[in-house]
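Trainee: One-letter residues, chain by chain:
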Amino acid sequence: MGSVVEVVPSGLSLGMVPPSMPPNPTWPFVWFSREEDRTPQTKVLVAGVGGDGCSVVEQMQNRAVGSLDFIAIDTDHVSLQAPAIETKLLLGKETTRSIGSGGDVELGKAAAKETSQEWAEIVRDYGMVLFAAGMGGGTGSGAAAHLAKIAKETGALTIAVVSAPFEYEGRQKAESAAAGIAELRSCADSIIVIPNDRLFSLTSEITYYDALKLRDELLTSIMASVTDLIFLPSKMAIDFGSIRAVIEDGGMMVVAEATASGDNKVDELIENLLYNSLVDHPPLEGAQAILLVTKLGYKVMASEAMELKSRITGTVSPQAKVFCGTRLDEKAGNTITATLIATHFDELLEPQAEVIELDRVFTIEQINNADLSHRIHIPSYKRLKTATEGEN
Amino acid sequence: MFGRAPQFVSALDIGSEKTRAVVAQLCEVEEDQELGDAKEGPMTLRIVGVGEERTRGVERGEFVDIAKVAGSIKAATDEASVMASVDIKDVVVSLSGRHVRAVDSKGAISLTGSSSSKETRAMREIVDSDIHHALEDSKSVTVRSDEKTLHTILQDFAVDDRKFIKNPLGKTGERLTAHVKVVIASQRAVNDLERALGEAHLSARFIVLQSLASAKACLEKEETEEGVLLIDVGLGTTDAIIYFGGSPRYMSCLAMGGGFVTRDVAQCLGCDIETAVQIKTSTGCIIEKPRPIEGRVESLVPEKDESKPDPRAIKVISSRYAEILLTLRNDIRRADAEKFIKRGVVLTGGGSTCLGLCGLASRIFGVRARAGNCAETRCFDGALQDPCFASVRGLLLYGSAPSAGIGIFSDRNRSLIRRAWDALTFRNVALT
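From first to last, the protein sequence lines stand for chains A and B. When you line the first sequence up against the working numbering, it's residues 1 to 392, in that order. When you line the second sequence up against the working numbering, it's residues 1 to 432, in that order.
Chain A extracted, bound-state conformation (with noise of 0.2 angstroms):
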């Protein structure tokens, strides 16, 4: 069993509501149970990164709830004509020329830094983004994860839902899909990753056009699972606070939301939650936080939710954080929708990489013939090339 950790709301919340008024549609949609979670700090952002990852964004923005702010982002000024995103925003102008990054990691890294300024001044006010990327191609690889990076100073919390490419598509794609993976990995704070191999796993019998709208589908629902969870009231209060605390610094995510009602519904959202085998991940077990969102109709029983409960805190260590919430739904009647989100997976499973780069290494000999004043006796944390003072 997991020390289960109940948000006790403070202030205003849904906790005041009789039982028998449920959550009124036309209630303001943001709704933060803490004082300081009300502030503008919590606007949600949806960026997607590259070709797939605007298409992505594009479906997202159809089916959301929520005050989200969506945003296209790619340097090929002719693929940001397509998506109906209102806010666009062009990488690289002098770097790609706006054609494109073809394929150069290398060259869509770049064309980020030279936008780094406005991206800086668009992300200041959100609280989390969210960024869709397929990773592969220069843009997704390259760019998402300096983006991340700028986001994540800005004291955003950042989560990154990236797809890996498909094998055929060639070993020079998979590399510079896994080194942008696991550059995100460091930069962003939360990554999902979903290969596109794995959606063939679900039957063989799927046309390539209807694997990538699945693969898009998918990367949007694991996103509006996230966002929900900010945007939708819930009875047993979810803050961002807790939100922040599974999501930052969380390293790989797994996100799960499934559906069930009928007499098995308790067996048959584990398996869903469990063991969805599309998104990438180390096995559940492995998780030192996890956060259970569980929306239940009026006709549930609370067996039932308890079972549910138990179950899948009983699965991951003891030591695990968990945070539960439950929202009431009249319509669901006795269906119980859950959403897991599972971070910080046991590191020995899932060695997280940290990049050291000195801006320069000395030589045995300059270092064995330094006097007292050579820049070695400068601590190397000062010496680093991504050096940031004065944080954490």
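If you are wondering where the hints come from, they were derived from the structure by calculation, not from laboratory data. All C-beta atoms in this analysis are idealised placements derived from N, C-alpha and C, irrespective of residue type, glycine included. Misleading hints may appear alongside valid ones.
Covered stretches of chain B (chain A as the covering partner; in silico rule of three or more C-beta atoms under 8 angstroms from a C-beta of chain A) [unchecked claim]: (1) 182–189; (2) 250–263; (3) 315–328.
Okay, derived cross-link-like pairs now, DMTMM-like style, lysine to aspartate or glutamate, Cα gap no bigger than 20 angstroms in a straight line [claimed, not checked]: (4) A:K93 / A:D69; (5) B:K148 / B:D192; (6) A:K382 / B:D310; (7) B:K166 / B:E125; (8) A:K382 / B:D192; (9) A:K149 / A:E106.
Ranges between beta-carbon positions, derived for each pair [stated by the list, open to error]: (10) A:Q172 / B:S362: 21 to 31 angstroms; (11) B:R101 / A:K385: 43 to 53 angstroms; (12) A:A120 / B:R263: 33 to 43 angstroms; (13) B:D310 / A:A82: 13 to 23 angstroms; (14) B:E194 / A:S373: 24 to 34 angstroms; (15) B:E222 / A:A120: 49 to 59 angstroms; (16) A:Q366 / B:K339: 20 to 30 angstroms; (17) B:K166 / A:Y168: 46 to 56 angstroms; (18) A:E167 / B:S362: 21 to 31 angstroms; (19) B:S203 / A:L372: 26 to 36 angstroms.
Dock chain B against chain A, hints included.
Mentor: Relative to the frame of chain A, chain B by itself:
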């Protein structure tokens, strides 16, 4: 041939932080079946006295105040001597420092010259004296007047075109070449060491390069065959040595060690040195998130959690360690010796007792890394396992059985060459 085996061996390791003296008693154990023809049976060492004293007068591996060093030596050896109730007169002592350099050398002799009939150019079998002469020839390295040859270490032989021959005895050919590694130290440093010992009323039985001593204590025989990098992280210096095919291929000494890490921590986190040492040992350089230890619940709310290591401290510590390791890696690459590191990296020395350093090393060198808890446990009844004692243990092993060495020949004792060679050829003893 090793009749006058002393009953006690004393070893002295003068590090930048601690001076350690250890006295061990040599005990014979029953002979192995395989070594039936050997004159002396395998030895076991029982540690009977240990002395440890804070070193004074040493900075970054060099003696800056001989009188103070002598004082530390005296205090450490006295402590060990009292504990063991043995008078310590001569010690096996380690030497390290930025003045040490290792050069490749080869010595060759012609096997046809001695043949009387010139027309046959008869190739003859290689005999003992040929090997001896080839080894002698290999010592003709240009050593500057202010330098001294510390070790001449045999790597392998070549007979004509056939290379990597371990034992050329009995092979036939026209030319025998011996490849050796010559370790050269500054004469001044050796003099300083001898003077410091003299002031403490001691004499040096052997002077052994620190990394060779640590290697002897920490490495398994298979590791030295397959290729391994040993890094001995001290306070002021870091010694690195690569073994491949049973002999050292690369050696270096870097005047940067654990002391730099401590100073970085003190400087970046604004605390005094003692607190910095504590932070260093308790935090470590784990870049991976620490796995929650049984009984310690890792909170996700950082401000309320005391047990969670400060991420900034981790970064400060790991940056300096990374710098040390990266500097070594670059130098190893420059010497084209990275190809030898096949088995892995072994970390030892007082500065290596830092959490997560193995992980960092394995990431930087791309091979597995392990802590250098001494391999030769058989010889020590499991005593002094701490990596801090690695080099002193190695020194004891040298002192106890120099003939069964790894092909180390001290210049002081010429007859050792033969002994070492016998050990290598007849007894298949590489690192025990």
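Trainee: Hints first: check each against the structure and report whether it holds.
Mentor: Here is how each hint holds up against the structure:
Under a criterion of three residues with beta carbons nearer than 8 angstroms to beta carbons of chain A, the stated coverage of the segment 182–189 of chain B fails, only 0 such residues being counted. Note: the segment 250–263 of chain B has 7 residues with beta-carbon separation from chain A under 8 angstroms; the three-residue rule is met and the coverage holds. Coverage of a stretch by a chain is defined here by at least three residues with a beta carbon nearer than 8 angstroms to that chain's beta carbons; for the segment 315–328 of chain B and chain A the count is 10, and the condition holds. Taken as a hint, the K93 (chain A) and D69 (chain A) pair is broken in the structure, with Cα atoms around 24 angstroms apart against an allowance of 20 angstroms.
Distance hint between K148 (chain B) and D192 (chain B) is fulfilled; the C-alpha atoms sit about 13 angstroms from each other, no more than 20 angstroms. Straight-line distance between C-alpha atoms of K382 (chain A) and D310 (chain B) comes to about 17 angstroms, which keeps the hinted pair within the 20 angstroms bound. A C-alpha spacing of about 16 angstroms is found between K166 (chain B) and E125 (chain B), which places the hinted pair at or below 20 angstroms, so the restraint holds. Our distance criterion of 20 angstroms between C-alpha atoms is broken by K382 (chain A) and D192 (chain B), whose separation comes to about 37 angstroms.
Restraint check: the Cα-Cα separation between K149 (chain A) and E106 (chain A) comes to about 16 angstroms, which is no more than 20 angstroms; the hinted pair holds. In this structure the hint that Q172 (chain A) and S362 (chain B) lie 21 to 31 angstroms apart at CB holds, the actual value being about 27 angstroms. Restraint check, R101 (chain B) to K385 (chain A): a C-beta distance of roughly 32 angstroms breaks the suggested window 43 to 53 angstroms. Our hint of 33 to 43 angstroms for A120 (chain A) and R263 (chain B) holds, since their Cβ atoms are close to 35 angstroms apart.
Against the hinted window of 13 to 23 angstroms, the Cβ-Cβ separation of D310 (chain B) and A82 (chain A) comes to about 47 angstroms, which falls outside the hint. At about 33 angstroms, the CB distance of E194 (chain B) to S373 (chain A) agrees with the hint of 24 to 34 angstroms. A C-beta distance of roughly 55 angstroms is found between E222 (chain B) and A120 (chain A), which places it inside the suggested range of 49 to 59 angstroms. At about 24 angstroms, the CB distance of Q366 (chain A) to K339 (chain B) agrees with the hint of 20 to 30 angstroms.
In this structure the supplied range 46 to 56 angstroms holds for K166 (chain B) paired with Y168 (chain A), their Cβ-Cβ distance being about 50 angstroms. A hinted range of 21 to 31 angstroms holds for the C-beta pair E167 (chain A) and S362 (chain B), which are about 29 angstroms apart. At roughly 35 angstroms, the beta-carbon separation of S203 (chain B) and L372 (chain A) lies within the given 26 to 36 angstroms, and the hint holds.
Hints 1, 4, 8, 11, 13 from the earlier list are contradicted by this structure; the remaining hints agree with it.
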